[in-house]
Amino acid sequence: MHKPTPLFATALTAALLLSQTAQAGDVFMIANANVTLSADEIREVFVGDKQTAGGAKLAPMDNSAAQADFLAKVIKVDAAKYASIWAKKGFREGINPPLVRTSDLEVIAAVKSTPGAIGYVSKASADVKVLQKY
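Numbered per our numbering, the sequence shown finishes at 134, counting up by one with no gaps.
Read the hints as simulated data drawn from the structure, not as lab findings. Don't take each hint at face value.
In the EDC-like style, the derived pairs of lysine to aspartate or glutamate whose C-alpha atoms are separated by at most 16 Å in a straight line are [stated by the list, open to error]:
1. Lys50 / Glu93
2. Lys123 / Glu41
3. Lys76 / Glu106
4. Lys89 / Glu44
5. Lys112 / Asp127
6. Lys50 / Asp40
7. Lys123 / Glu93
8. Lys73 / Glu106
9. Lys88 / Glu41
10. Lys73 / Asp26
11. Lys73 / Glu93
12. Lys76 / Glu44
13. Lys76 / Asp26
14. Lys73 / Asp40
15. Lys133 / Asp40
16. Lys133 / Asp49
17. Lys57 / Asp69
18. Lys112 / Glu41
19. Lys133 / Glu93
20. Lys88 / Glu106
21. Lys88 / Asp127
22. Lys123 / Asp69
23. Lys57 / Glu41
24. Lys81 / Asp69
25. Lys129 / Asp104
Using the sequences and the hints given, assemble the complete structure.
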């Protein structure tokens with residue numbers, strides 16, 4: 001029987017870790033009651049291409065606890081690319097990146113109390129409107 005080489009074993013381990021990472025938790029896009037957005041519009045908000053909806057100024061909020069899943073599933077970039085997108089937007093257009101909250105509870109509270117707010121959490125909440133699940 002053929003014994004796997006260390007390089008093969010390392011590659012196999014890396015592939016298994018990547019597949020586990022790719023199957024991370026759900027991401028729920030939530031919004032203040034006055035916000036309605038499509039899946040495409042949600043992405044546009046978080047890359048700075050859409051700033052209003054229905055006449056209301058949007059207030060996107062990042063969730064540091066769920067950001068890796070959000071970036072992979074919704075924006076489809078890594079953290080470095082996301083930071084680069086916002087650095088360019090800030091320099092070229094003077095747009096600020098989304099405010100960063102540290103947990104689902106903080107995002108839910110902020111979205112619930114802020115007109116135009118949109119954010120993401122790892123668990124759905126009846127306290128806010130769920131726009132999309134990824």
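Going through the hints against the structure:
1. Lys50 / Glu93: holds (13 Å)
2. Lys123 / Glu41: The hint is violated at about 21 Å.
3. Lys76 / Glu106: violated (24 Å)
4. Lys89 / Glu44: holds (12 Å)
5. Lys112 / Asp127: Holds, at about 7 Å.
6. Lys50 / Asp40: holds (10 Å)
7. Lys123 / Glu93: violated (33 Å)
8. Lys73 / Glu106: violated (21 Å)
9. Lys88 / Glu41: With Cα atoms ~20 Å apart, Lys88 and Glu41 exceed 16 Å; violated.
10. Lys73 / Asp26: With a Cα-Cα distance of about 9 Å, the restraint between Lys73 and Asp26 holds, given a limit of 16 Å.
11. Lys73 / Glu93: violated (26 Å)
12. Lys76 / Glu44: holds (12 Å)
13. Lys76 / Asp26: At roughly 14 Å apart (the allowed maximum being 16 Å), Asp26 and Lys76 satisfy the hint.
14. Lys73 / Asp40: holds (13 Å)
15. Lys133 / Asp40: holds (13 Å)
16. Lys133 / Asp49: violated (21 Å)
17. Lys57 / Asp69: violated (26 Å)
18. Lys112 / Glu41: Violated: Lys112 and Glu41 sit about 20 Å apart, past 16 Å.
19. Lys133 / Glu93: Not satisfied, since the Cα-Cα distance of roughly 30 Å exceeds 16 Å.
20. Lys88 / Glu106: Status violated; Cα separation ~27 Å.
21. Lys88 / Asp127: violated (34 Å)
22. Lys123 / Asp69: Status holds; Cα separation ~12 Å.
23. Lys57 / Glu41: holds (14 Å)
24. Lys81 / Asp69: holds (14 Å)
25. Lys129 / Asp104: Since the Cα atoms of Lys129 and Asp104 sit roughly 14 Å apart, the hinted pair holds (cutoff 16 Å).
Checked against the numbered hints given earlier, this structure breaks hints 2, 3, 7, 8, 9, 11, 16, 17, 18, 19, 20, 21; the rest are met.
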